[in-house]
Amino acid sequence: MNSKVESIDLEVIRADLLKKVNLLRKRKYPFAPINDLAEQNGISSSNGYDSLLKKIQQITKGDVVTILTNFRKALTPEVVKHCLYANKAISIYKLPDDMNLNDLEKSLSTLTSNCSIDDKYYSIEDEDKVEKDFIARFQPDDDMSIFVYHDQRSYVFRSKEESANVIDSFNNELDPLDENQEVLELIKVIKVTIPAFDFVVLDKKLKILVIGFDLAYVFPKAMINKALDQLENKIKKIKGLEHLNRLNFRNAIENMENETDGVVFGHAFCSSGGTFNHLGKTSSKRADVRKDSFFTKGSTGEILDYYGIRKRYNTGKRDCAVTVALSYREYKASALTPIYIAVLDYMQEANDLRHCCKKLLDNS
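So for the sequence shown, my numbering puts the first residue at 1; every next one is plus one.
Do not rely on the hints blindly, as some may be mistaken.
Pairs of lysine to aspartate or glutamate residues, derived as EDC-like cross-links and limited to a Cα-Cα distance of at most 16 Å, are as follows [claimed, not checked]: (1) K237 / D103; (2) K106 / D143; (3) K81 / D345; (4) K291 / E257.
If you are wondering where the hints come from, they were derived from the structure by calculation, not from laboratory data.
Could you put together the complete structure from these sequences and hints?
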């Protein structure tokens, strides 16, 4: 291969890797699995995302093209998987029994003809020119179609300034006449803008439509509600979907609490008459808060009114989490407040999504 062409190809691969690793960092993807992938493909172990990104930029030893190409090949499916399934806030719509689901699938297929997510969507080059539209369709099996909607969102986090030079520069700007002033610590408020990957899912097996919001735990509830409403309005323009109604998950909370399948690792409830409010949770993967001695003793003889639950279900390959909850303020306003949004976490494939949705259907 011509050395100039090879150099161009290498820089394209390098840039794509940097883009995808940085996206996973912004999506708060755990670093350890990415570090393992990098090691398996010839990049030495790193102690964090910054270190790995620097190594990708500066790597010169060995067959660099092969190392970066193989890492990119291994990383890309993880990126797609995380964008498609990780941490989604969803609403479910039961479809009428007399609806022709094959015809509906054809109508939805007009949203996009792409069968993969183009690499350009994994970063934001110009915030004013972000394509907000359906960008890809995935068909993991004959009964499920996933239509990916591309958007952009921003979140803010706080970080301590570690550079002594930066802190010194602020001290240099202080009033020289006041010797008692000194900047000891600086807290940075950082805005992060990332591409978001919402979805619309048709599951012909369960006869449902699902609308999902990407990265539910990163963004505020008001933003989730607004985005899901906007996506719902887009879908309602399709023939046959004008009168969609969201499934109310309110009854699912108590039913999931009483259901033997799965592990409850968080729940919220009030005791008889609302005199006692309790939020129980565990960080253990195996512990079930329903079996906690504090809960079993305290709940004896009480009629409990549950208003939130987090539960793990084994989908065959992994444990996925389903969260249905009111805030305490919402619950106090009315215990009958409907819940139209559930959060699904730790999913990695279509079967996980279907399993979690079926649990919500069965318990609602």
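Next item on the list: Verify the proposed pairing of K81 with D345, using a straight-line Cα cut of 16 Å.
Entry: Measuring from Cα to Cα gives roughly 12 Å; hence the hint holds.
Margin query: Against the 16 Å threshold, does the CA-CA distance of K237 and D103 hold or violate the hint?
Written below: The hint holds at about 15 Å.
Check: Going straight from one Cα to the other, do K106 and D143 come out at no more than 16 Å?
Finding: holds, 13 Å
Note to self: Checking one constraint from the list: CA of K291 to CA of E257, max 16 Å. Satisfied?
What the structure shows: holds, 12 Å
The structure shown violates none of the earlier numbered hints.
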